[in-house]
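Our numbering puts the sequence shown at residues 43 to 129.
Careful: at least some of the hints might be erroneous.
[Unchecked claim] Listed next, with one range per pair, are the computed distances between beta-carbon atoms:
| no. | residue 1 | residue 2 | range |
| --- | --- | --- | --- |
| 1 | R99 | T61 | 24 to 30 Å |
| 2 | E85 | F52 | 16 to 22 Å |
| 3 | R89 | G60 | 18 to 24 Å |
Please keep in mind that the hints were generated in silico from the structure rather than gathered at the bench.
Everything numeric in this text was worked out from a predicted model, so none of it was measured.
Backbone N, C-alpha and C define an ideal beta-carbon position, used for all residues, glycine too.
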Amino acid sequence: MGSTVYANSFSEEAVVDGTVTVTFPWRSRKIIILNDSGAGDLEVRLRAGSTQDLTVRAGESMELEHRTLSVKLTSTESVIYRVWAFG
Numbered sequence: 043m044g045s046t047v048y049a050n051s052f053s054e055e056a057v058v059d060g061t062v063t064v065t066f067p068w069r070s071r072k073i074i075i076l077n078d079s080g081a082g083d084l085e086v087r088l089r090a091g092s093t094q095d096l097t098v099r100a101g102e103s104m105e106l107e108h109r110t111l112s113v114k115l116t117s118t119e120s121v122i123y124r125v126w127a128f129g
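Turn these sequences into a full structure, and let the hints guide you.
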């Protein structure tokens with residue numbers, strides 16, 4: 043099993059009730075998104091103009107190998123989220 047060393051890291055923790063765009067200072071290679079709420083789903087959109095959302099359920103996390111400058115997070119209720127990006 044190989045390993046990867048990333049030179050940059052970014053993290054953000056906040057509450058979303060509606061829509062928020064998390065913008066990274068550089069193009070990430072790996073993203074970890076955590077829905078830290080007891081209830082409420084978090085919809086994740088990786089690309090502007092995309093119609094496909096990924097869902098992170100309450101208490102779950104998602105790890106992606108994806109190159110992007112931002113992610114769009116949407117929820118219909120208050121959800122605590124954490125995002126880490128590595129590049």
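Distance restraint evaluation - R89, G60, Cβ atoms, bounds 18 to 24 Å
20 Å, holds
Falls inside 24 to 30 Å, the C-beta gap from R99 to T61?
18 Å Cβ-Cβ, so the 24 to 30 Å window is violated.
Does the Cβ distance between E85 and F52 fall inside 16 to 22 Å?
21 Å, holds
Consistency note: the structure conflicts with earlier hint 1 alone.
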